[in-house]
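Assemble the dimeric complex from its two separately framed chains, guided by the hints.
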Amino acid sequence: MHRLLARQIRQATDETGQVDVTRLGELVSAAYEESDGDRRRTDRAIKLMIEELEQTHKRAEQDLLRAREFLDSIIENIPIAVFAKDARDSRYVLLNRAGEEYYGMPREEMLGKTPEQIFPREIARAVSEQDRRVVDSGTPMFLEGHLLEVGVNGHDRLVNSRKLLVRDSNGAPQYLVGVIEDVTERITNEARISHLAHHDALTDLPNRSAFNAALEERLEQAQEGSTSFAVLSLDLDRFKEVNDVFGHPVGDMLMRAAADRLAAEADGAFVARIGGDEFMILMPDDIRREDVLTLAERLVEVIGKELEVDDYLSQVGVSVGIAVYPDDGVDAATLLANADSALYRAKREGRGRVCFFESEMDQELRDRRLLQHDLRQALEQNQFLVYFQPQARMDGEVIGFEALLRWNHPTRGFVPPDQFIPLAEENGLIIQIGEWVLREACREAASWPRPLQVAVNLSPVQFQAGDLERAIHQILLETGLSPTRLEVEITEGVLIGDFTRALNLLRRLKALGIRIAMDDFGTGYSSLSYLQSFPFDKIKIDRSFISNLETTPQSAEIVRAVLSLAHALNMPVVAEGVETEAQRAFLEREACEEMQGYLVGRPDLIERYLDLIGVAVERRLYG
Amino acid sequence: MQIQYLHWNAAYGWRGADALREPAQLVLYFGGREGLAGGDRYRELRDLYPDSHIVGCSTGGQIHGDDIADDEVVAVALCFARTQVRLVDEVIESREASRACGARLARQVTAEDLAGLFVLSDGLSVNGGELLAGITEVLGPDVPVTGGLAGDGTQFEQTLVGADGEPLPNRVAAIGFYGASFRFAHGCAGGWDVFGPRRKVTKSEGPVVVELDGEPPLDLYTRYLGDEEAAAMPGSGLAFPLRIHDEAEPHRQIVRSVFAVDRNAGTLTFAADIPEGCTAQLMRANFDSLAAGAGEAGRQARSALADGIEGDKLAILVSCTGRRRVMGQRTQDELDAVAAELGDDVVRIGFYSYGEIAPPAATGRCELHNQTMTVTMIAEAAA
Numbered sequence: 014m015h016r017l018l019a020r021q022i023r024q025a026t027d028e029t030g031q032v033d034v035t036r037l038g039e040l041v042s043a044a045y046e047e048s049d050g051d052r053r054r055t056d057r058a059i060k061l062m063i064e065e066l067e068q069t070h071k072r073a074e075q076d077l078l079r080a081r082e083f084l085d086s087i088i089e090n091i092p093i094a095v096f097a098k099d100a101r102d103s104r105y106v107l108l109n110r111a112g113e114e115y116y117g118m119p120r121e122e123m124l125g126k127t128p129e130q131i132f133p134r135e136i137a138r139a140v141s142e143q144d145r146r147v148v149d150s151g152t153p154m155f156l157e158g159h160l161l162e163v164g165v166n167g168h169d170r171l172v173n174s175r176k177l178l179v180r181d182s183n184g185a186p187q188y189l190v191g192v193i194e195d196v197t198e199r200i201t202n203e204a205r206i207s208h209l210a211h212h213d214a215l216t217d218l219p220n221r222s223a224f225n226a227a228l229e230e231r232l233e234q235a236q237e238g239s240t241s242f243a244v245l246s247l248d249l250d251r252f253k254e255v256n257d258v259f260g261h262p263v264g265d266m267l268m269r270a271a272a273d274r275l276a277a278e279a280d281g282a283f284v285a286r287i288g289g290d291e292f293m294i295l296m297p298d299d300i301r302r303e304d305v306l307t308l309a310e311r312l313v314e315v316i317g318k319e320l321e322v323d324d325y326l327s328q329v330g331v332s333v334g335i336a337v338y339p340d341d342g343v344d345a346a347t348l349l350a351n352a353d354s355a356l357y358r359a360k361r362e363g364r365g366r367v368c369f370f371e372s373e374m375d376q377e378l379r380d381r382r383l384l385q386h387d388l389r390q391a392l393e394q395n396q397f398l399v400y401f402q403p404q405a406r407m408d409g410e411v412i413g414f415e416a417l418l419r420w421n422h423p424t425r426g427f428v429p430p431d432q433f434i435p436l437a438e439e440n441g442l443i444i445q446i447g448e449w450v451l452r453e454a455c456r457e458a459a460s461w462p463r464p465l466q467v468a469v470n471l472s473p474v475q476f477q478a479g480d481l482e483r484a485i486h487q488i489l490l491e492t493g494l495s496p497t498r499l500e501v502e503i504t505e506g507v508l509i510g511d512f513t514r515a516l517n518l519l520r521r522l523k524a525l526g527i528r529i530a531m532d533d534f535g536t537g538y539s540s541l542s543y544l545q546s547f548p549f550d551k552i553k554i555d556r557s558f559i560s561n562l563e564t565t566p567q568s569a570e571i572v573r574a575v576l577s578l579a580h581a582l583n584m585p586v587v588a589e590g591v592e593t594e595a596q597r598a599f600l601e602r603e604a605c606e607e608m609q610g611y612l613v614g615r616p617d618l619i620e621r622y623l624d625l626i627g628v629a630v631e632r633r634l635y636g
Numbered sequence: 078m079q080i081q082y083l084h085w086n087a088a089y090g091w092r093g094a095d096a097l098r099e100p101a102q103l104v105l106y107f108g109g110r111e112g113l114a115g116g117d118r119y120r121e122l123r124d125l126y127p128d129s130h131i132v133g134c135s136t137g138g139q140i141h142g143d144d145i146a147d148d149e150v151v152a153v154a155l156c157f158a159r160t161q162v163r164l165v166d167e168v169i170e171s172r173e174a175s176r177a178c179g180a181r182l183a184r185q186v187t188a189e190d191l192a193g194l195f196v197l198s199d200g201l202s203v204n205g206g207e208l209l210a211g212i213t214e215v216l217g218p219d220v221p222v223t224g225g226l227a228g229d230g231t232q233f234e235q236t237l238v239g240a241d242g243e244p245l246p247n248r249v250a251a252i253g254f255y256g257a258s259f260r261f262a263h264g265c266a267g268g269w270d271v272f273g274p275r276r277k278v279t280k281s282e283g284p285v286v287v288e289l290d291g292e293p294p295l296d297l298y299t300r301y302l303g304d305e306e307a308a309a310m311p312g313s314g315l316a317f318p319l320r321i322h323d324e325a326e327p328h329r330q331i332v333r334s335v336f337a338v339d340r341n342a343g344t345l346t347f348a349a350d351i352p353e354g355c356t357a358q359l360m361r362a363n364f365d366s367l368a369a370g371a372g373e374a375g376r377q378a379r380s381a382l383a384d385g386i387e388g389d390k391l392a393i394l395v396s397c398t399g400r401r402r403v404m405g406q407r408t409q410d411e412l413d414a415v416a417a418e419l420g421d422d423v424v425r426i427g428f429y430s431y432g433e434i435a436p437p438a439a440t441g442r443c444e445l446h447n448q449t450m451t452v453t454m455i456a457e458a459a460a
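First to last, the protein sequences are chains B and X. To get the numbering used here, take the position in the first sequence, counting from 1, and add 13. To get the numbering used here, take the position in the second sequence, counting from 1, and add 77.
Okay, chain X solo, but in the shape it has when bound (with noise of 0.2 Å):
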């Protein structure tokens, strides 16, 4: 595999390292929403390369190399020698229809010798965990999935995908590779830690908890954010992700972080359904623990990674919003700690997400995260 690094700014347009031997079978790209709406960059992409699916998605915050950027659209294409790719997406009606979208994708793209599935997903109006759930019914439990949700920085407003055409909202995109050639290695870890009581769900719909402990839920954030940060919810409210233990799945690692407020009932509205009746605990972390955290990601995915690799490797790092918003000007430090852990020779790329999309080392199964980091290796055997 052969990887063409590139990235564009305001003042120079796009810039990059040498162009590839070969045509690309794929470019990934990830930018601001204000930077990818309209479709110019795309376009620009496709002027570069015609015979590529251009595949990219709004963010939070673009990662290349050891920098975060938030003015700069970062790509890469790829070019592979023995691996098939195939790139579908759809429309997503409503977020109560997820769970199907994920299906029709999944139908798509599923073949016996289908080796992983990259999926970008709209950020805002998906319940991300209907549409792996969606996707992982049809393809079964062996095929890892990994990706991430679009962002919108700390806005909440609107996130674009794009696949093989202009950003748009309300899209989800799949890439599929296949061949047994192909490697694909994931590591999804957090670094947070629960704190404070054990509370119980007591009335909760779908994603939107409407009770904690009997009491509303926006109660208890502004209490612990103090009046003047609550007011800037739910940003502000990534600060305290909930860890959810729910009875029927005792082993499952959830923690959900809020995407949305209704101050007038009082609600909150997480990334997932959240279950009545199960326990959830506020969660907390500093600098370094989730630098330790994004670094165990990395470590996990470079060690997945078997020996024999031919030609470059990718790491792609799909990290919460809610961290950077978090860690501030330390953000670089989580970036760091991949890095380390990666090793020089691995080219990273990757954006501050909605949501992270990656089996967890504890289950194995595909699962929708809120504040990791998840880093997904791609590479090629030798033949």
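Isolated chain B (complex conformation) (with noise of 0.2 Å):
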């Protein structure tokens, strides 16, 4: 009998032994009734836990499902090669888009087959051979920089990569996962930035730096070997005219193409360019002078040569200065200082030269600083000064004057122009000195009384940088000089460069009314194009033909073709530094329009000259 029912049988019966069988009934309904209430209970929870339990199983497969899409597009987004391929066959189980890319087919044609079915044999032995390596050992491969095995981009890219094993719940493996990332950029770049920081980015020459090191290992060398190198220091004579002129991309060519010609005429020679114009060259070990010598000759002569640039046929030149080690120093900072001192030497001496430094270009290196330094405060502490010199007829009548600056320094005395002008192009300052020398020559000439005329020297410099037609033009206002009065001289240097723009700029100064004269006529090149091209109102015969009229034949000769060829186009001739009644009857005859020189009067103070302008000598001391 249940145990339950003994208990309701007991609790229905009485003292007597009775059994109240109303009372057991109620009992044993009552216990149904819980029994039933209990199953119910029971049931519903089941049911519910079970509707509970499958939600919950379904949220955390949604939550699943979405981190998975959340990796998945990470995995197919990122630049790098992703695949992953079952651990025991290699078949490749997922490719990313990158691996598309890399492997340069879709992965419809790579999923669920083995590297046997999509690689060349080769390629897919080695390829297996890697997977079973990785799978056999466990430890992930790596490797860093190697160039591609496979993919369509041919064996030209760099690749980090690496292979690593994923074992399943039971420690089986499983899948291998690879990434593959396409370094070659990088490496390429950092190969570059290498390189650029040794290199000029224009023409691909060593730097500076690069050079210092170069010649800080060269010393060492030769302290050891007891050797002995030459340093050359170059620098490009009028690049800066041509990039002033034309502009930096024709100069950036030009610099390219005169680069290229010194490294391949000095070629097993460390070729440098160390800024602007600039280039040092370290020379091989235990060359003789002589052949140190001729190299830089023949560099002077090879870059000299014409270098035709984008349409424009340029010239620039090369000056040389060479040091030697041991002789000229033994340490970087003097063997560079001397090379440089001999630098300056060549170019002073006239530029396309070559110098070896010698110990007295020390000394001249200290003076021409010294005079630069002095060149800045002579405008200001007015030590310059305007000499006239008169210019007349062949029959003597003065007609005019030649401005010609001077300067008087405290200490120097007068430094010839030929000292300080070169310096004052060089510096820039010319072109303040310039306009002083034109607002002075105008000033002085609208004073006079007869309208003489008043001619003044404008450097290559003044028509390359500032605005001297704008400048003329306003000098001309402030003084009141009447255009027709003055007369502009020019060298060939203006025309040389930018040819055009000079052009245009005479062709506005003439329209002003005022004159042009072609100024040492007969050096330099003498180009007759310039003459064809320019209508210039006079032209001045160098004074070197002049003085050698009598002495050399053929100085004469050239006087006469020079007067002919300026008659046949229609213009006067002045000839310079005429100093004897001799010279001034040969001109005459010839048919020379006017002369200059001490025969007329040398460059003086216009106070000298007083009754030539007209002035009388009582008025003008104590009027």
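These aren't lab readings, by the way, just hints derived from the structure by calculation. Positions of the beta carbon are idealized from the N, C-alpha and C atoms, including for glycine. Heads up, some of the hints might be wrong.
What the hints assert, rightly or not - Estimated spans, in silico, between C-beta atoms of each pair:
| id | chain 1 | residue 1 | chain 2 | residue 2 | range |
| --- | --- | --- | --- | --- | --- |
| 1 | X | 116 | B | 67 | 55 to 61 Å |
| 2 | B | 42 | X | 148 | 20 to 26 Å |
| 3 | B | 60 | X | 308 | 51 to 57 Å |
Stated by the list, open to error - Keeping only pairs whose Cα atoms sit at most 20 Å apart, straight-line, the calculated EDC-like set for lysine to aspartate or glutamate is:
| id | chain 1 | residue 1 | chain 2 | residue 2 |
| --- | --- | --- | --- | --- |
| 4 | B | 60 | X | 306 |
| 5 | X | 277 | X | 323 |
| 6 | B | 360 | B | 373 |
| 7 | B | 71 | X | 323 |
Laid out in structure tokens, this is it:
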């Protein structure tokens, strides 16, 4: 009998042993109801629990799916090739977009296939061997910067790749996961950055820091091996003009062309561009001075050849200074400074030259720097003067003056113009000085009672930089001098370089009424094409021809030829440096129009020529 | 120790075994709320035991021997040979004052030779967890504390505790047993199993759970109980206690059953605090597993009681009202299971409570339980 029923019977039995059937029925019925209730509750709980667990499961599945989609989208979009293979047979089971690009085929062609089914036999064998190694050893494989072995891009890509094994929950090999990163760009960039650090971007020659390193290394070797070597300092002549006139693109092309020529010619030497238009060359050990000189002269010759750049015919030259270890210095600083000194000397002696360092150059260089320093102060301290030299017809009638710049240095005295003018042109001071001379000359001329003409020299630098036209215009307005009384004298240098620009400027000046004279004709190139291209108002024959008239017959012939040429072109000629009556007579005979020289009058302060300009001495002195 | 067992019913008044040879130091009694209210039973006992401490509480059913009675009042009078007994009681002002109240009680009983503490507390207006925390704070972990929260059937209206006086609400009584001869053993087990998904207590305020998985907890219980049974909340909610898992104390086995319902807010109040953020899982049981759980509690208590006992042995069974509700007529099975473990030589008395107090076997730290059977054994060793 069930324990509960026994209890119920006991409870329904009274003290006499009589069973109360109604009471027993109630108890049994209640027990059934309790049982039913419990079962209902249990059933309900089980049903709900299943529902809840299903929901939880579904939620978890959705979370898992979302997480998977999230990871998938990351894997799909990272720019690194990612693949996964079945660890047992190397069949591809996953490939991302970057992977498709890497292998050069859509994933449909790879998924489910083994390397043997996809790649050529050799590659497939290499890939499978790698796979086996990783699976068997269980250790990941890392390869850095190795050449690509598969992929359609060919064998010119560098990649970092890694493969690692993923095990299942039982620890058995399940997947091989691989990533392949194309590092070609990075490695090339690194190499380029390293190259850039040691090379000049424009010419691709070694730069200053590379040169310094090479020099230091060479010094050490030379000290140990007791050898000698030469350092060449080079500077392109007139490169700055090219840059200013033609613009930087042309300048750059010219620089590259010049650099190429240097490097080709100095084959075997270390050629570096150390800035601007400066180069350094480190010659091989134990080369004789004569051989160094030969090379340097060859460089001058080669660079001096005309270069055709962007339809322009340009010409630059090069000056070379040479210092030799150990004679001219045993450390880098001294060697470089002395090579530079030699270079300055070369430039000063006329460009396109080669100079070895000599000890007195040190002093010269110091002097030159001092002079340059003084030059800057000269304008402020009114050390400049304008001298006037009369110009006359052949019969002696003075028709005007040439204004000439003089520098009266407080301690040096008068500094020759051929010493300080190139300096002023180099550092650009010529622009201010030139304007000052022009202003002084115009002011002076405007005050003369007689309307004589005044001639002023213009430097090529004034044509290249600054606004010369505006400056002249301004000065004429300020001084009130009629433009027809002003004559500007230019040399060929003005027309070399940006010929068109210079020509346009000359035309505009001429349009103002200013006369233009070609100075120093017969020296330099004396290109006849210049005479053809611009209607000069005058041609001035250089003094060197006049002073040699009586001694060298060739000079007379040249003067004659120039005169006939000028007359043919309808251009009057002024002869410079006329000092004797014989010279005057020759020129008159040959129908030269005007003359200038000691015969007419020396350059001097205008006070010396008061009578010529129409000022009575008394009025000038006391008026 | 000598025990006199007696009981009261409306028809015959107090009846019992032979009177003790010596005066009893302590009388324990348990009865329904209506039976105890008014204090008549207390006064009758006082007449019978003028010099004894008399302590009792209302219940959800009294246990005497193998039987459960709702209409009778059951009592035992205890006469110790070498044990001193001290009775203290406190009025609890509010739920929030539970911890302070526990500490006050403990300070009154604490002594070097305190060998055990048996606590009877109001079952509705006390935060049982906090009360015990206050007690163990003072006594430390080494003094065993057992007892229970008074009950009120399945009505959850008012519970009474009396300590040398008429049983009244908002009372806590504690009996301290002193001396080296005193033997105090206990067991505690449930027999419930977790089921269904783990849920997060997303919002709680002390013992009030506001949201489970972002949903009012009443909705969950209504789903599981069905509308009909849900109408009988909180009583019907006892069928589904909550197993609480607190990350901060991962080894604590905490079971909590519903004590009160706010039908408007959909919130449930439990017997002790349920921390926000912890995990909760529903529990359920069948008749057999509950009975087996009770047997386990009996086994623990019996095996913890050392040999060399002199005189009678008393087992006080405090079982949860929720168990009785679930088991119905089968409740008897759990008493049988305990009896089988304890053996014939142990006097059994006890009650169905709103909360059981005993150190669980796992931690040994005194805890408030729900839905368990706890067995406290009291005896004296031979001199």
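Against the earlier hints, flag every one the structure doesn't satisfy and list their numbers going up. 3, 7
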